[in-house]
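Dock chain to chain to rebuild the complex, using the hints, since each chain is given by itself in its own frame.
What follows is the residue order along each chain.
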Amino acid sequence: MPSMETRQSILIVDDDRELGQMLAEYLGADGWRVEVVHEGRTGLNAALEDTFDAMVLDVMLPGMNGFEVLRALRARSTMPVIMLTARGEETDRIVGLELGADDYLPKPFNPRELSARLRAILRRARPGLEGRLSAGSLTLEHASRQVSLDGESIDLTAAEFAVLEKLMENPGEVVHKELLARHALGRELQPFERSIDTHVSRLRGKLGPMANGEARIQAVRGRGYVLIEDDRA
Amino acid sequence: MSRLYLRIFLSFWVVIILTVCAVLLINTQLEFAQQDDIELSGRAMRAADGMSQRAQRALDRGGPEALARWAEGGPRRGRRITVFVLDPTGGDLLDRSLPREIRGLNRQWQRTGQVPEPLRRGQFITELQHELHGRYLAVLTPPPRPMVLRLFGPLGTTGLIGLAIIISGLVCLWLARSISRPVQQIRTAGRALGHGQLNARVADKVSKRSDELGELARDFNGMAERLESLIQSQRQLLRDVSHELRSPLARLQVALALAAESDDPGRRGEYLARMETDLGRLNHLIGQILGYARLSQRPEVRREPVDLAELLEDIAASARLEGRTRDIRVHVEDFTRLPMAGDAELLQRAFENIIRNALAHTPEGGTIFIGAHADPDGLSVSVSDQGPGVPEERLDDIFQPFVRLSDERGVDSTGGGIGLAIAQAAIDLHGGSIQALNRVEGGLEVLINLPRNTS
Numbered sequence: 001m002p003s004m005e006t007r008q009s010i011l012i013v014d015d016d017r018e019l020g021q022m023l024a025e026y027l028g029a030d031g032w033r034v035e036v037v038h039e040g041r042t043g044l045n046a047a048l049e050d051t052f053d054a055m056v057l058d059v060m061l062p063g064m065n066g067f068e069v070l071r072a073l074r075a076r077s078t079m080p081v082i083m084l085t086a087r088g089e090e091t092d093r094i095v096g097l098e099l100g101a102d103d104y105l106p107k108p109f110n111p112r113e114l115s116a117r118l119r120a121i122l123r124r125a126r127p128g129l130e131g132r133l134s135a136g137s138l139t140l141e142h143a144s145r146q147v148s149l150d151g152e153s154i155d156l157t158a159a160e161f162a163v164l165e166k167l168m169e170n171p172g173e174v175v176h177k178e179l180l181a182r183h184a185l186g187r188e189l190q191p192f193e194r195s196i197d198t199h200v201s202r203l204r205g206k207l208g209p210m211a212n213g214e215a216r217i218q219a220v221r222g223r224g225y226v227l228i229e230d231d232r233a
Numbered sequence: 234m235s236r237l238y239l240r241i242f243l244s245f246w247v248v249i250i251l252t253v254c255a256v257l258l259i260n261t262q263l264e265f266a267q268q269d270d271i272e273l274s275g276r277a278m279r280a281a282d283g284m285s286q287r288a289q290r291a292l293d294r295g296g297p298e299a300l301a302r303w304a305e306g307g308p309r310r311g312r313r314i315t316v317f318v319l320d321p322t323g324g325d326l327l328d329r330s331l332p333r334e335i336r337g338l339n340r341q342w343q344r345t346g347q348v349p350e351p352l353r354r355g356q357f358i359t360e361l362q363h364e365l366h367g368r369y370l371a372v373l374t375p376p377p378r379p380m381v382l383r384l385f386g387p388l389g390t391t392g393l394i395g396l397a398i399i400i401s402g403l404v405c406l407w408l409a410r411s412i413s414r415p416v417q418q419i420r421t422a423g424r425a426l427g428h429g430q431l432n433a434r435v436a437d438k439v440s441k442r443s444d445e446l447g448e449l450a451r452d453f454n455g456m457a458e459r460l461e462s463l464i465q466s467q468r469q470l471l472r473d474v475s476h477e478l479r480s481p482l483a484r485l486q487v488a489l490a491l492a493a494e495s496d497d498p499g500r501r502g503e504y505l506a507r508m509e510t511d512l513g514r515l516n517h518l519i520g521q522i523l524g525y526a527r528l529s530q531r532p533e534v535r536r537e538p539v540d541l542a543e544l545l546e547d548i549a550a551s552a553r554l555e556g557r558t559r560d561i562r563v564h565v566e567d568f569t570r571l572p573m574a575g576d577a578e579l580l581q582r583a584f585e586n587i588i589r590n591a592l593a594h595t596p597e598g599g600t601i602f603i604g605a606h607a608d609p610d611g612l613s614v615s616v617s618d619q620g621p622g623v624p625e626e627r628l629d630d631i632f633q634p635f636v637r638l639s640d641e642r643g644v645d646s647t648g649g650g651i652g653l654a655i656a657q658a659a660i661d662l663h664g665g666s667i668q669a670l671n672r673v674e675g676g677l678e679v680l681i682n683l684p685r686n687t688s
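Residue numbers (the numbering used here), protein chains in the order written: chain A, 1 to 233; chain B, 234 to 688.
With the rest of the complex left out, here is chain B (with noise of 0.2 Å):
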């Protein structure tokens, strides 16, 4: 059981069991004292009637020995009221050890050779002769008083209900602040992240507790730091969103400056080319990020029957063309039919811009193998190119937009781009997954495993 939930429960139970425990408790040992004194007081004063004459007597008779046995007392003066006999040394005859308020006594008459006053109700103090063996001190006590009453007694009911305000109120506030306190620092967050402050966290006095409210505010530190991550991110895709722009903007201005001031109508021509050329990189971009932006927007995806081997196929095909310039092959594994459910259009955006990559890290001369496999409940499909690969801390971040692993861009600008992060975003919506990962013989191998959504 959680720990919040027993605390709460815990510290009304007890609380309120404490208090009627208490309650019937001192009532009885009231009404029982009550009975004692009125008891008691009556026998203590019988006893205590005669009681020097007595006492001298056995002294005088039997001396000390006799004195202790009279002191030892029979079923007469009831077991509950004691006769302490002290000897002139001030230790009891009988080597009882002294209650603390004889002990006080005691050292009254030691010091001052009177005798002593009693202390309370029911005591009864006399002094023995005796010629030989000196002065002895006999007192005769009533049992003490419960030790609740002695406890509380004196505080009287006014002071008893007022000991259960102060206990009850400080086990009760304990508890509120204990619960309050930690909400409040949660809150407090929560504000200050509802503000745009990003780094705003739940302390880790909190967070570290293991009751609920750690819990609480360990979902929050997590919330709060999927958050910040995504925003982050989102504003890195927009800075470099704005420099993708720029770049071919600030050439097109310049060519237009050459353009503008040249008097030689072939490097005119020359200059406007480029600009055409920058302008259709530019469309081009535009319409990747605004797809992107689309797709990573969309809750679903269209489910149509889709042939992922003919898909394949037709890509493998423009990739051959593509590549022939540089002497690229394009080798796709012999399978018949790869079906699954899914939105064919996504998915030939996803693998077109997988096989593009591979292409444009493929050296001049070397061979491009898209391999796949089947199994009942799911497609995988790889893409190995001849590239350099990959730093190995690195293989995740290809995916993300915009992310330049090599340190030159290439030279025809356009490395750099959104192609896997557009790739990944359609494959996570298929349900499915990609990765990448260096081929032992070199290269890099990008994984997608689909599931077939067939039902």
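Okay, chain A solo, but in the shape it has when bound (with noise of 0.2 Å):
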């Protein structure tokens, strides 16, 4: 449990005023501090103007929905962000992986469980290490949490961070899923689960191709992905 001193707040944006309270005792006593707003464009105002340290979202939300919140934060954000979906739709998970969510959690979900990815993803956006790492004409400082290529800064969420930064302490080198799932994530992924994929997708996108015309990061079949290393330009 984070001590007093470090406590973290948490921005839970359900329309659900009874579930959104009860969230907020459960985590209030787990040690975060937390506030609650009903619907999607107070939420969004919210994450943008106040200092909070991670977004619980709904998808089904009035007004402006949960991806449409998450759309419009990611442009302005990397704020870590955990969708939670009721719908139970594979392409809802998918859906909000692809705009940049870093985690999801389908309701009904165990409030115990929740607090455990809240936790898992804070500790990989907190700075920690010191020092950079470099592969190719990329660059990652793990302080300021900035990567570079070709020295332009990259925006990237906490997920991707932690799934680039795995694959650059080994660059040429084969990381398996599960090991990135749980450096990104903070856990084991689910039978069928695709986050990681999803993440790794979104970086590529961001990343761009190689010189050559060859994606960075490559999917060795079965075993997880590898980062190709480039000439420095």
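Since the hints were made in silico from the structure, they are not lab data. Don't be surprised by glycine CBs; every beta carbon is placed ideally from N, CA and C. Hints are supplied without guarantee of correctness; some may be wrong.
Just some of the chain A residues that point at chain B, by a computed CB distance under 7 Å [claimed, not checked]:
1. Asp16
2. Leu23
3. Ala86
Listing some non-contacts, in silico: residues in chain B with all C-beta distances to chain A over 12 Å [what the hints assert, rightly or not]:
4. Asp282
5. Lys438
6. His517
In structure tokens, the structure reads:
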């Protein structure tokens, strides 16, 4: 449980008032500072204006739905986001991750699980190690959580940063998906889960191809992913 | 009469008539031409016999004028045998326009100065001399062969049969293709739809046709349209149901975790009470969803005598009880009896849902009006509330299950339910209609029309 001095703040956006209130109680007892809003637009404004450490976002929201909030948020912020979905459709989960959510949790869920995932994601988001990693034209700074390609800075979400970090620690070597999941999501992958693949695919999109047209991160079937080092320009 | 029918009928009919006519025509012409040939060649030979001497004589005696008179001929030669006399400049003495074959002969004579060879049997050509007027060319020519023979004669019997095969083949091919191609396209669309591709439609090229195939294509497209929207709405319903069921489950699980981890017995009791409420809601929701599913599958309703007045008064009494905490009055218009035949239980559920909906949207201290009107073949009931009403363009949507109109979920999380959808299904089963409209003085009015069905 985090100590009082390091209490981290969570923004919950869910139109189910009772659920929001109970979650606030539970997470509050777990050591988080929690604020609950019930509408997508107010949630987005709160996320952009105040300094929350993470956001728990429901998909079905009145007015502006969760996906729209996430898209608008990602245009300006890389704040960690966990999506909640009650419709239980695979597409909802994929869409959420593709829009840049760090993780998702289907309703109904155990609040203990939500707390654990929040902690995992925030641990990733917190500056930890000192120093920098570089692979080819890519540079990653642990402390400032900056990634740059040929000197140009790239915005990554916490999960994407964590995936890239792990890949850059072992450039040219296959990193297993399970390892990436433990590192980036702080948990084991569930059967058939494709969260890591979605994060990698977004990461590929942000990094762009190498000079020879090949993807920087390549899939090794049944094993994981490998970062290809290009020649420094 | 429809176009495809006409097309098939006419093309067969026309091909058969044309074939028969062509055979008859060619036959008679052929016979005629053979007789002609025999007769004319005889006459032409007789006319040609000594022609050059007679012509030369006419020319010598009376000059070109006499030659022209001679060329006009007399009854002895027969009208169908013509003599053209060309003067040194190449024009006809009688100023007749020259047929094509004679023009050819003329050009040849003008160019070479030689007497040209006859082009066909029965033709006879001679050159005349005059010391003053120069040379003349007399061409005796039998009439041209009939058109049909000139066109088709050179083909021969085999050629004619071949031509008939080709022409009738083309017509039938056109007919067969014009039928089978659209049928093929409709079939392709049908198979695609059958394989679950719900947006499969027949292309405009076929559906814009004005014949039966176009009608078939339009009917198919209409059916596909309805099927797609039906399946879409079913899918939407499934998604909504899943969402509606999981929301209380999510609350239950959080409340359970809170209760399990709470040390304070008072707090724990509070969480357990909440769980009980949510379980009740869940049970109510499942009952409603199953009821709605059963309702929309039911083919027919029971018909028993029902007094709608009594039924409405009963529901109003319950509504008064429920509305008392918020000081809401329920006013029922005074009517003695509204008899009809129907399923009392279904009607009860329908009106209960409509009136509960009105109750939910009426602010504290407001009034709900229930009015009714009877005429010989139907009853109409109106339920008006003093709530905020509904945006005009969404008035029909409120009868869809789980449609949420206001941006806020109800404080008690029960809004956006399935009540009005159940009401609509029940009224539909009775052959009635239900509609919503915004009142001028504010609030929503739901109008129900029901047939009496009393025989």
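So, going through the hints one by one against the coordinates:
1. With a cut of 7 Å, the hint placing Asp16/A at the interface with chain B holds, because the nearest CB-to-CB distance is about 6 Å.
2. Using the Cβ-Cβ criterion of 7 Å, the hint placing Leu23/A at the interface with chain B is satisfied: the shortest such distance is roughly 6 Å.
3. Evaluation of the Ala86/A hint against chain B yields a held restraint, the C-beta minimum of about 4 Å falling below 7 Å.
4. A cut-off of 12 Å between C-beta atoms confirms that Asp282/B is not in contact with chain A; the least separation is 98 Å.
5. Interface exclusion of Lys438/B from chain A stands, the closest Cβ pair being 34 Å apart, more than 12 Å.
6. The claim that His517/B is not at the interface with chain A holds, since no C-beta of that chain comes within 12 Å of its own (minimum 16 Å).
Checked against the numbered hints above, the structure violates none of them.
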